[in-house]
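Mind assembling these two chains? They're in different frames, but the hints should get you there.
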Amino acid sequence: MTKNLRVKTSKFIDETYKISFKFNGTTYYGYKGDTLASALLANNIHLVGRSFKYHRPRGIMTAGSEEPNAIVQLHNNTSRTEPNVRATEIEIYEGLEASSQNCWPSVNFDIGGINNFLSPVLPAGFYYKTFMWPANFWEKYEYFIRKSAGLGKSPTLPDPDIYEHRYIHCDVLIIGAGISGIMAAKTAARNGFKTLLVDEKPYLGGSTIYQNSEHFKINNQISSSWLEKEINEIKKIENLEIKTRTSVAAYHGYNFLLAKENLTDHIPLEQRNNKTRQRLLKIRAKKVITATGSLERPLIFDNNDRPGILLSSALEKYANLFGVACGEKNILFTNNDSAYETAISLYQKGINIEAIIDNREEIDSKLIKEIERNNIKIYKGYTVVDTSGYKRISKISIMQLSKDGQKVIGSKKSISCDCLGISGGWTPAVHLFTQSGGKLKFRDEDQVFIPDKYPLNQISIGSCNGDFTLDEILSNIHKTLKEFLNIKETDYENLEVYSSFNKSKRNIWLLPSDKLIGKTKPFVDYQNDATAKDIKLALREGFRSIEHVKRYTTTGMGTDQGKLGNMHALGIISETSGSKMGELGTTTFRPPYTPLTFGTIVGRNVGEYFDVFRKTPIHDWHIENKAEFENVGQWKRAWYYPKDGENMHDAVQRESKAARDSAGILDASTLGKIDIQGTDASEFLNRVYTNAWSKLAIGKCRYGLMLNEDGMVYDDGVTTRLDENHYIMTTTTGGAATVLGKLEDYLQTEWPELDVYLTSVTDHYATVSVCGPNSKKIVSQVIPDLDFSDENFPHMSFKNAKISNIKCRVMRISFTGEHSYEINIQANYGKSVWEKCMEVGKEFNITPYGTETMHLLRAEKGFIIVGQDTDATMTPIDLQMDWIVSKKKYDFIGKRSLYRSDTIREDRKQLVGLLTENPNEVLEEGAQIVADIKKTPIEMLGHVTSSYYSPNLKKSIALGVVKGGKNMMGKKLVIPMENKQINVTVADPVFLDKENKRLNA
Amino acid sequence: MFIINCPYCGKREQSEFKAGGEAHIVRPKQPTELSDDQWAEYLFMRKNIKGIQFERWVHTHGCRKWFNVVRDTSNDVIKAVYKMGEKPPTK
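Protein chains in written order, with the working numbering: chain A, 1 to 1001; chain B, 1 to 91.
This is chain B alone, in the form it adopts within the complex (with noise of 0.2 Å):
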């Protein structure tokens, strides 16, 4: 169970919190103008890294933010939690 430092309450059981997947795909703003493989690509293909991931967690039974999580996948280590909307760490 992890403790997940939430960029707006602090930190907080696992339990708190939902995982929301890959982090930064983002929306196609004319998903009319997509061919079935495009739309697919943005619809269903997700990484699976073993290592430095970053993802979206949402504090369900907090505050109910999103936010960006990046955890390295091998061991659980969470190395940093930012914002939606901020630039990725880049270390």
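Excised from the complex, chain A in its bound form (with noise of 0.2 Å):
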């Protein structure tokens, strides 16, 4: 089978520079300049993966990034690993590997090929019909179709690339680098634009630049040598910047574009360590153009799908840009002019063509005169019905077109041949104009859809707008350019063109058998398998919207979002249906284009700095102390300090036996803290706040409940009067930023009249909490000269005081129901106070505890924590808090949501205290409670919230929200576990010290 096919050397191909790659383990060669699938065949090898549902024979279809079959896995089970990349991009280097995907064992013999046996039982819809029923075996089921599906295989090791972003912000920005996007690039940057030209080729000059023939000329030169020139002046421009390798993934409102732009993937991997691999661009461009170009229709067929089988456009590129013939029996199959330039490219290089198909029965023009003069034979009015060859095309059935197209008349006739290119006309490439917000118009002449409506600043030139041929392209441009640019000349006037293209066509989206449509295998998706006939089994099952067959016959979903074939199924819809294309619209043209890698979207942003993280002031003494950590939202909290290998739970105990026994002291810091100041800022307090606010004195602290407008606890903390008119409020750690912004919301734009201001303090201050009953001896030794008394300094109020000269305020607040204080102190000294602390502790036995033996301490008190005992649907009423519920203040954000029908319910799910049957049975959080386990369905009373072992009151403890709660104290409730049952009690949720003796121990 191996055989050379390069035929006459190509300039873009540098024969002095041999690379050996492998492909399925065999070791073949190519050129530098070769792509994978360029030198795949150069080798003679079509075959290169099996298609994803029927497991058929795959051959390489095209040259560019609309390759639906032609998707390889490089480097197997190595950590640079990477599944579906297309043959047709990969640019080859010394030690390449790729393998096939998609087929076991090997891609020449794969077993799963037998689903092309079975295919007449695997319709359309063929999962979701066989395994609805019976519900429960889904998991069985999908145990095997899991296995069996999916193309290639995920890397398992971690990627030792380097991957970035850039962002870019140009005047132009021109995607794509054909004729006319140089065209455009040069007119921009000559123009003063500061201009960026992105291409996802290698090369620039897009297919004009291997066009070689005397069929199409500018200015008397051949097209490809007139580009040229072109191409080397504008690399001389200094204010154009060109980016090959560069695909634009995404194009987004306001002319915000992502790109990928790709380093290091064509040279050998030992070169790339410590280079960056890849670049997400990120671009800002006042305005855009879009050359993206066209790509090559295929034609619907029987058993179009044969290796061997390519459009035409890519036999040309083969040939011209690679020097390499796909076969040696070439039949070219079209409806159109464009073969004909193939066939003119192929006849110069010398490569074998046996015979052109071509569905029209009329058809004259320059190029296909030149054909006929060198006697290649021409089947005018034919069409292909069938192909044969099964892991290549051996031979192809031709017969006659009845004059409606609707048929196929007079006698079968058999070609040989080993490849067969197909030409079905051009699709503009207008991918990135609709995700950008364009809206198409369908052209019925040519049957295409073409911008119509562009979003600002942006326009599509070439190809991707409709202009396909170079007279069509040229004579249009510099008209184009001067209006969007505005500018009041180009190089561009005067050109002239000559082109023998003829756009005559004749579009039959389903080509007509001599079979019934059942027994055939017309392929529209290639990749995922999807049918003719398929589609046509969507339309009888009832489905009718374009976007519900994509979803049922999975047209247009694979890694290539059907480049090639979406066109086609929307035809055979609007034909089956008799709706009109126009009228039908698209399926939704999403990002990316092409593929994204992850390590792209997140650039460098891995392992620690996967997310900002904020640190304490005191963070550094919490490492030393052998701390474990858990995140509060951004911050890095101070989980618990395990000491001499103790794993959590006993450290736990022990920190927080030490809290209530004599001594603990907490990293109180990341706690949110709101300066307010201004005249009405007791007012504004009021409104926020479900308490009042006007009576509390200068010095004094109080709780607060905050709500949102629909009643539920939003957020809460304790605010202390500094001044008249200054207090500081704390807000949970997490609720922070939120709680700022709602309050600056409410400011703003409901009460701009309150003179109120308020400032985030959280980062300006250190907290260094100290709880227990000989919290008070300690302070006051680190505070020497404030009285501690508990006239002077009763619980809930607060001191200005010095450390050392340092101003600090000391609040004299509990949220573990211990006699504790808070020492707020300038964030730089935090540390130095909380070391003094813990010296001056050291003789009652002061403990460092963290979050978590802060939570236990709280839920012994019956102390609920916004965002773990409640979620968004919990009022005060439900948490049993009436008390902090002002009944005299008229409004506060939430009050008149408190007396909804549905908030005042009794039934609603209410916070309770739950003690265990068994003291030393710890319940899960999250865990259900029911009241009747025999009842079916089980009704679900609530949840667990929080539990915990008390090592303070020696037993299990937890809070959770029961409907109608409130009224079952007392009551038994069951929660069942997965092997067992756990009898509770509902309780009060408060355990220790209802009486709150120890806050003034």
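A couple of the hints might just be wrong.
[To be verified] Ranges of calculated distance between the beta carbons of each label pair, as one might list FRET restraints:
1) G113/A to G21/B: 52 to 58 Å
2) G21/B to K971/A: 41 to 47 Å
3) I25/B to D763/A: 32 to 38 Å
If you are wondering where the hints come from, they were derived from the structure by calculation, not from laboratory data. Here a beta-carbon is modelled for each residue, glycine too, at the ideal position from N, C-alpha and C.
Structure (structure tokens):
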């Protein structure tokens, strides 16, 4: 089978630079400039993969990013492995290893191929229809379906490569460096615009650059020579940046685009270390010129998917650009003039053409005449009805088309071949245009969608705008550019263009066959194995919307997103359902245009840089003292401090006991702190908290509960009146930013008349909280000048003080139920104050505790944590916190919602305490609570929100929310777990020191 | 990604802002006198227009100021921005 199909040299291929690579374990050779696809074709290899559903042998179909079949796995089982790489895009390098996907044990012998014979029982929607029942069998089916699904294999090892993001701001961005893009780039840059030109390919010039025919001339030069000079010129322009191997993935509103720049994917692996592999470009352009070209359409006929069947334009590209013949006995099959362009290119390279099959009966152009002069047989008014050859096409059958194109007539004729180039005309690549919000219109004469309504500051030029021929492109471009860029002149005013191309076309979406449709396999979506038959079935079953047909048949849903077949799917739907093409619409073009790697998307934001994290000023001390941390919002908070190999449970038990028995110390710096000033500060607090604030004396602290306008608890914390018109509010750690945002919202938009100013001071202060019976002895030594007597400094009050001349605020407030003090000091003194407390507290066994112990201590007291014991459905009444809701205040945020018909229901979930029958049994947070385990379906009454083993009470305690729980005191309920049922009793949520004696101990 | 012309700071990327829903919904001055239905109307009911929509935005990662935006939701073109308390543009 191995043959060398390299024909006459091409200047794009360096034949002095030989490269070896492996495909499915065998070593082959290619040259510098080859893609994997061109190198395989030069080695006469067409079969590269198996199709998704029927496991049919598939070959290389295209020569670009629209490739549906030739997708391979690179460097399997290594850290650099990558699935679903298009062989038509990857440039070969020394040591490249590629393998086929979706086949086992090998691409030549694939067990899954049996699906091809089962295909009559595997229609569209097969999985939906078959695995619906019995419902509980899905888990069993799923195992097998998952095993046989999917394309390549994801990498399992860490990615060794570096990725990065870069912002680019430019005046004009041009997408696509074909002839239109080059001309636009030169014009924009020469007129002083900061210009960026990107193209997904490694070379500039699009398809014109390898066009080598006397039939296409500009200013009397062959089009490629003319373009080459233009390219050489633009390379010298300073304010023009050119990026090749860069594909635009997404085009968002306001000319914001994302592009992937490939930097090392074309060089040998060992040269890639320490280099950036791919870059995500975030481009903001004042103006965008889309010149993305067009994609050739296949033709839809029975068995149109065999290896050896390629797009006609791909045959031309392989011959002209890579110097590769795709076969020795080539046939072209077309409905337009494009295949004749290919034929001339092949002929010039000495590649044999057996025949051309043309749907059109009457044809006449200079291109065709030249073909006829060279004695190549043209079958006019014929169509291919079938092909043969399992792993490579070997024969086609043709028949004559009826006048209306609906039937085939006459007798069948066979022609043997080893390669078939097909051309169904061209589809403008409008993907990016529509992503940006552009609207399409349907052009009846050649059955294409073209740009109609543009968003601001963008334009499409060239064949992506529906101008397919050289003369059409060049006659419009100078006018379009002048208008769009608002300039007076271009270099392209009086170009002489010569093009032999005739635009006539005979468009038949689904070519007729001598067989019944049910007996044929005319593939519309090659990658997903969706055939015209499946689309018709979907219509028969009642699907009408193109979006529904797409999902039911999976047409257009592969890694290629149906770049080739979507138009045919639309055409077939339109013909079958009798609706007009333009009225059907299209499926939505979503980003990315071609797939992105995860590496590109995350860039440098990996590992510890994945997200920002915030550290308290005392963080280093926690590290030195072996704290374990937990994430609270973006903060790293000390979770617990394991001693001598303790586990979390043991550490928390020890810390909790120490805090109640003698003294504990907590870093509370992460709590949100909002400085509130202004003559209306008290009134403002009245409106945002449920309780009353006007009468709070200066120097006093008060706990407040904040609701949303819907009456649900939003945040809580202690606020201190520092002065007549000055308060400091504390918020939950996680809620700090949103609370400030909400307060600003009300202040600026609802109550602009209030004289109030808000400033976040969370980061400005460190907060050291010392609690326990010995806390006063410790803090009074740290601040010896302050009078700590209960008369001078009672619970819920505050004092200004100094520690070695540094001002600080001391609050006597408590979240643990113990006598406790919070010292707030300028952040950079936080650590020294903490250390001072530790030093002084040594004799009292002062014990640092983390968030877990804090949670346990407050649960013993029945204090809630917003977000743990509440979700966005708990009112203060549900929390049994009626005492904090002012009856006297006329209004506050959320007040009216507290007596909506829904919020006053008696059977709402309410917060209760839960005690287990067995005091050593600790409940699982989130466990469901039920009353009657025998009732079916079991009625869920609520769930456990907080649960701990209390070392101070020597029993398990829990908080939970239970429907109607308020009136269930003492009632026995059940917590069903996987292997057991736990009996609990509803209890008062305050488990310890209900009389608050310890606060003043 | 929009570019929003903050009336206090000038043109900035959308990522600096947060959207705050429909504009010109005034919080009732006397909520206690409203029926459940009237209160629900204020609390829950919002328009979702295809076309010209008046909305609130806040420059979260900037000046922290709230302001109003007139946006065509069908193509995201921002027709106008104006400060809180100012009258919406009429054309």
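Here's how the hints hold up against the structure:
Remark: the range hint 52 to 58 Å for G113/A to G21/B is upheld by a beta-carbon distance near 56 Å. Take G21/B and K971/A: their Cβ atoms lie about 43 Å apart, and the range 41 to 47 Å holds. Separated by about 34 Å at the C-beta atoms, I25/B and D763/A satisfy the suggested range of 32 to 38 Å.
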